[in-house]
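Input sequences plus hints: build the corresponding full structure.
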Amino acid sequence: MPTDLTVRLEDRPGTLAGACEALGGAGINIERCCAYPAGGAGQVHVLVEDADGARRALGDAGYDVVADRGVLVAELEDRPGAAGEALRRIAATGANLELVYLATRTRLVVSADDLEKAREAL
1 MPTDLTVRLE DRPGTLAGAC EALGGAGINI ERCCAYPAGG AGQVHVLVED
51 ADGARRALGD AGYDVVADRG VLVAELEDRP GAAGEALRRI AATGANLELV
101 YLATRTRLVV SADDLEKARE AL
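Residue 1 is where the sequence shown starts when you use my numbering, and the numbers rise one by one after that.
If you are wondering where the hints come from, they were derived from the structure by calculation, not from laboratory data. Watch out, some of these pointers could steer you wrong.
Have a look at the derived ranges for each label pair, beta carbon to beta carbon [to be verified]:
hint: 1; residue 1: Gly18; residue 2: Leu97; range: 26 to 32 Å
hint: 2; residue 1: Asp113; residue 2: Gly62; range: 21 to 27 Å
hint: 3; residue 1: Pro13; residue 2: Leu102; range: 35 to 41 Å
Even for Gly, the Cβ is constructed at its ideal location relative to N, Cα and C.
So this is what it looks like as structure tokens:
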């Protein structure tokens, strides 16, 4: 079952890369992820199939998994309005969303304090 893990990170360069490297080194594929600063720390949500293996790999590397949850992964058409339509159908059931993230066509979406340096790196 796909699981979203919430991992607390120090808010400094390299911690997200280290967490992703820990997962990759353990053979854990990151299906999707979303990272952001929160309350003086960083947080990353990673979607994985092997939640137990991911917890072990992150813990062994010194990362703190603070929450996990089973999630639904729905394939959407890559077109304007598709996400809104799907989310409206969920809202109509009375279910309240706790977490949503997406990026189409396997795109990496990045924001940085120096966007030009990040752009040059990629």
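Hint check:
1. Gly18 x Leu97: 26 to 32 Å: Holds, since Gly18 and Leu97 (Cβ atoms, about 30 Å apart) stay within the stated range.
2. Asp113 x Gly62: 21 to 27 Å: The hinted range 21 to 27 Å holds for Asp113 and Gly62, with Cβ atoms some 24 Å apart.
3. Pro13 x Leu102: 35 to 41 Å: violated, 26 Å
Violation of the numbered hints given earlier is confined to hint 3; every other hint is satisfied by the structure.
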